[in-house]
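Colleague: Each chain, written out:
2 protein chains.
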Amino acid sequence: MICEILCVGTELLLGDIINTDGAFIAREIAALGFGSYHQTVVGDNPVRLREAVSTALSRCDVLIMTGGLGPTCDDITKIAAAEAFGVGMHFDESIRDDLVEFFAKISRRMTDNNLSQAMVPDNGIVFRNKWGTAPGLALEGEIDGIMKRAILLPGPPSECEPMFMECVKPYLAALSDETIYSRNLHLYGIGESAAEDILRPLMEESVNPSVAPYACEHEVRIRVTARAKSLEEARTMTREMSDRIYKTDAGQYIFAETDNPFDAKNAVVTAMIAELRKHGMTFATAESCTAGMIGSTVGDIPGASDVFVGGIISYANEVKENVLGVPHETLERVGAVSEECAGYMAQGSRRTTGAGIAVSVTGIAGPGGGTPEKPVGTVCFGVADEKGVYTTTRHFNGRNDRAKIRRLTTAYAMMLVIRRLRGEI
Amino acid sequence: MICEILCVGTELLLGDIINTDGAFIAREIAALGFGSYHQTVVGDNPVRLREAVSTALSRCDVLIMTGGLGPTCDDITKIAAAEAFGVGMHFDESIRDDLVEFFAKISRRMTDNNLSQAMVPDNGIVFRNKWGTAPGLALEGEIDGIMKRAILLPGPPSECEPMFMECVKPYLAALSDETIYSRNLHLYGIGESAAEDILRPLMEESVNPSVAPYACEHEVRIRVTARAKSLEEARTMTREMSDRIYKTDAGQYIFAETDNPFDAKNAVVTAMIAELRKHGMTFATAESCTAGMIGSTVGDIPGASDVFVGGIISYANEVKENVLGVPHETLERVGAVSEECAGYMAQGSRRTTGAGIAVSVTGIAGPGGGTPEKPVGTVCFGVADEKGVYTTTRHFNGRNDRAKIRRLTTAYAMMLVIRRLRGEI
Numbered sequence: 000m001i002c003e004i005l006c007v008g009t010e011l012l013l014g015d016i017i018n019t020d021g022a023f024i025a026r027e028i029a030a031l032g033f034g035s036y037h038q039t040v041v042g043d044n045p046v047r048l049r050e051a052v053s054t055a056l057s058r059c060d061v062l063i064m065t066g067g068l069g070p071t072c073d074d075i076t077k078i079a080a081a082e083a084f085g086v087g088m089h090f091d092e093s094i095r096d097d098l099v100e101f102f103a104k105i106s107r108r109m110t111d112n113n114l115s116q117a118m119v120p121d122n123g124i125v126f127r128n129k130w131g132t133a134p135g136l137a138l139e140g141e142i143d144g145i146m147k148r149a150i151l152l153p154g155p156p157s158e159c160e161p162m163f164m165e166c167v168k169p170y171l172a173a174l175s176d177e178t179i180y181s182r183n184l185h186l187y188g189i190g191e192s193a194a195e196d197i198l199r200p201l202m203e204e205s206v207n208p209s210v211a212p213y214a215c216e217h218e219v220r221i222r223v224t225a226r227a228k229s230l231e232e233a234r235t236m237t238r239e240m241s242d243r244i245y246k247t248d249a250g251q252y253i254f255a256e257t258d259n260p261f262d263a264k265n266a267v268v269t270a271m272i273a274e275l276r277k278h279g280m281t282f283a284t285a286e287s288c289t290a291g292m293i294g295s296t297v298g299d300i301p302g303a304s305d306v307f308v309g310g311i312i313s314y315a316n317e318v319k320e321n322v323l324g325v326p327h328e329t330l331e332r333v334g335a336v337s338e339e340c341a342g343y344m345a346q347g348s349r350r351t352t353g354a355g356i357a358v359s360v361t362g363i364a365g366p367g368g369g370t371p372e373k374p375v376g377t378v379c380f381g382v383a384d385e386k387g388v389y390t391t392t393r394h395f396n397g398r399n400d401r402a403k404i405r406r407l408t409t410a411y412a413m414m415l416v417i418r419r420l421r422g423e424i
Numbered sequence: 000m001i002c003e004i005l006c007v008g009t010e011l012l013l014g015d016i017i018n019t020d021g022a023f024i025a026r027e028i029a030a031l032g033f034g035s036y037h038q039t040v041v042g043d044n045p046v047r048l049r050e051a052v053s054t055a056l057s058r059c060d061v062l063i064m065t066g067g068l069g070p071t072c073d074d075i076t077k078i079a080a081a082e083a084f085g086v087g088m089h090f091d092e093s094i095r096d097d098l099v100e101f102f103a104k105i106s107r108r109m110t111d112n113n114l115s116q117a118m119v120p121d122n123g124i125v126f127r128n129k130w131g132t133a134p135g136l137a138l139e140g141e142i143d144g145i146m147k148r149a150i151l152l153p154g155p156p157s158e159c160e161p162m163f164m165e166c167v168k169p170y171l172a173a174l175s176d177e178t179i180y181s182r183n184l185h186l187y188g189i190g191e192s193a194a195e196d197i198l199r200p201l202m203e204e205s206v207n208p209s210v211a212p213y214a215c216e217h218e219v220r221i222r223v224t225a226r227a228k229s230l231e232e233a234r235t236m237t238r239e240m241s242d243r244i245y246k247t248d249a250g251q252y253i254f255a256e257t258d259n260p261f262d263a264k265n266a267v268v269t270a271m272i273a274e275l276r277k278h279g280m281t282f283a284t285a286e287s288c289t290a291g292m293i294g295s296t297v298g299d300i301p302g303a304s305d306v307f308v309g310g311i312i313s314y315a316n317e318v319k320e321n322v323l324g325v326p327h328e329t330l331e332r333v334g335a336v337s338e339e340c341a342g343y344m345a346q347g348s349r350r351t352t353g354a355g356i357a358v359s360v361t362g363i364a365g366p367g368g369g370t371p372e373k374p375v376g377t378v379c380f381g382v383a384d385e386k387g388v389y390t391t392t393r394h395f396n397g398r399n400d401r402a403k404i405r406r407l408t409t410a411y412a413m414m415l416v417i418r419r420l421r422g423e424i
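Just so you know, the protein sequences line up as chains G and X, in that order.
Each residue of the first sequence is one higher than the one before, starting from 0 at the first, in numbering that gives the first Met the number 0.
Each residue of the second sequence is one higher than the one before, starting from 0 at the first, in numbering that gives the first Met the number 0.
Keep in mind that the hints were calculated from the coordinates and are not lab data.
Given the structure is predicted, the values throughout are model-derived calculations rather than measurements.
Be careful, since some hints might not be right.
Covered stretches of chain X (in silico footprint by chain G; criterion: 3 or more residues with CB under 8 Å from a CB of chain G, positions within the stretch not fixed) [stated by the list, open to error]:
{"#": "1", "region": "44–58"}
{"#": "2", "region": "311–323"}
{"#": "3", "region": "356–370"}
Selected chain G positions facing chain X (in silico; Cβ < 8 Å) [claimed, not checked]:
{"#": "4", "residue": "Gly14"}
{"#": "5", "residue": "Tyr36"}
{"#": "6", "residue": "Gly294"}
{"#": "7", "residue": "Val297"}
{"#": "8", "residue": "Gly353"}
{"#": "9", "residue": "Ala402"}
Beta carbons: idealized from backbone N, C-alpha and C, even for Gly.
Bound-form chain G, shown alone:
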């Protein structure tokens, strides 16, 4: 079974929004075991949309479309899909009722253009939209003698994603008889080329499960993917391959394993929280250049409150002095971006919040503020716990912008906490 994704929206062609729907659906259909060879974006243009629908349906079994369903979109996606399947459209009273109810609930007036959302292709399966106004749809039928399916979803990710999970995923799962399972091994302290060099024999030898390295911003990720009749079998195959990877020279760099995108994205913070729990340790921050990003990253994880107590954002030197207790003399003599200041900050955060371990960051995220001695990208770190305080300096300079320097700083700070708890520093 081959799936294809077609996203409709001039705002995508103009780059006004990033196509997160495409990535979300791609990941989900891969997990269901569907093949996927093309993704396309077209604008709100009926002629090009019709062409794109026809091309996609000629090379896939299931076409998944997003966008072009809202009240301001002239329904071009529904019309194009109905045409491709040779069916007409009708007004659906129950969708109208849903719309009336939705607008009553959010206490907004329903404007007339919303009613167009109740027009649906004949014989379509309607996915009711509990997250917004435009309903989703599935169309099924033979085109040139071959069974084809099209699924239409609203464009806003806040509607597209839950509707996919709740309505489309069960619909697709019933069509597939194979499962793909992927496991990510997260490595820190080794580059992509070096990891690939070590793993090349495994990568070349093994087709199922496959082994592929990905360079991510602050880590290297090795993805092991198995295809099997059952999830259990696929899991066993990835487990066996992962065990072989642990035995290579790359194994020592693995700090976390994940098997879904949320965990993968949050591998460092999740590993840190797990390590804190393992040691029964509470955690606090003292952030200057990251200005709350470390705390916010921990706050992304539901239930982190058992280990995370909070922290101090000390953007101004006055806050470093008055709240964290950094000596004025330190700030005068070596400046805020110094290991001495970072050490005081971490100790101050630990003392102020009562946490078991505290991490601090103070650096120059740029684009301004750099000097020859402390160029943009210079960040000092401190980790304070009952054993004392550890400080270090990193240079994230050269090719990194402000946002990236702050993200790299956040990840590095959390890796320091992991390493401190593991007794490595």
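Since chain G is already given, all that's left is putting chain X on it; use the hints.
Modeller: Structure of chain X alone, referenced to chain G:
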């Protein structure tokens, strides 16, 4: 001149990474005045890639490709492009020298697979990669008697984006004779349908400049886009149309104007910083459920340190009590998620940090922790300044997940600061 974007990478088809390159390039080519009607993603498969290159080149003047250039990608993008233009490949010594220098600089061993990056199509223009290893390329030539161009860029955004700006943008600008200029009007407190209802006459009447509404997460954005021979002329056209929009019933909801994606993404925080500067006021936070996201959002903006002093992340009640001075009795009687607590938090942050104005948030971001009285999505806010303290409660419940509730909370907190400074609350 029609541009088309083709992104190469199995990791895109699998949804492992989000196609930010596509959005970035789309935005830049729109700004240069190029038309853009299709974006495509294909995997690392030579047959489908060759087909995709041929299809794209048949309908565009300039094909921009990303990905498939790195040391682990077997160079399929370069080979497919060279084939499409009917040229061979050769080894480029100067690229080899760049690679050797790059690896020496980052003190990593250059593995042999990196050398494939020095193979380039004959007659190609090489864009040296100062941000990574794989060079970019431009190919020019007639295909079926029509002049066509292909531009090849590395996939990692940290290389693709600067190489586009530094090498590709000047190359493309020399090909175009029209400019597009867009201005975003940011509205808060009105829905997309209602805004569209008000602006429909302008939207229908005006083709150049065009007027289009976009629903964003916490605001409605009206985009005014003009096409003209000069940037100055396009700017004047959008200014005149913007002035007309201000005079409609939608005008009262406009809180900011922006003209580039960075500012648009940061419209609320930028408007807040501008308002703080206007009032000569310093700012601090007290964050519970956002856990540093408000501070981090302010820290995204270079130079915010003239108004932003810092804040307290009070995830645990102990930090609310001991650092912010929330009375134990308050936490016992009405709980941490209460306007009373929010008020104490804001006052505590203002007192502790010495800021002129402080905002606080305390709420239930979910998925757990909700009760019938305080369901997930309930957030209490406080704003403290010399005039006293203002508190309010919002319910971001219903269709929002943890991440979205925290983002909406962050935006709402900053809107409260803006409104407080403007004397509206």
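Colleague: Would you settle whether the hint for valine 297/G is holds or violated, based on the nearest Cβ-Cβ distance to chain X being less than 8 Å?
Modeller: Nearest chain X Cβ about 6 Å off; hint holds.
Colleague: The hint names glycine 14/G as touching chain X; please verify it with the least Cβ-Cβ distance against 8 Å.
Modeller: holds, 3 Å
Colleague: Does tyrosine 36/G pass the interface check with chain X, least Cβ-Cβ distance below 8 Å?
Modeller: holds, 6 Å
Colleague: Residue count check for the region 356–370 of chain X against chain G: does it reach three with CB-CB under 8 Å?
Modeller: holds (count 4)
Colleague: Close enough to count: is the Cβ of alanine 402/G nearer than 8 Å to one in chain X?
Modeller: holds, 7 Å
Colleague: Does the closest beta carbon of chain X sit nearer than 8 Å to the beta carbon of glycine 353/G?
Modeller: Nearest chain X Cβ about 6 Å off; hint holds.
Colleague: Verify the coverage statement for the region 311–323 of chain X against chain G, using a C-beta to C-beta distance below 8 Å and requiring 3 or more qualifying residues.
Modeller: Check passed, 9 qualifying residues.
Colleague: Should the hint that glycine 294/G touches chain X count as held when the rule is a Cβ pair under 8 Å?
Modeller: holds, 3 Å
Colleague: At least three residues with a C-beta closer than 8 Å to a C-beta of chain G: is that true for the region 44–58 of chain X?
Modeller: holds (count 3)
Every hint from the earlier list agrees with this structure, and none is contradicted.
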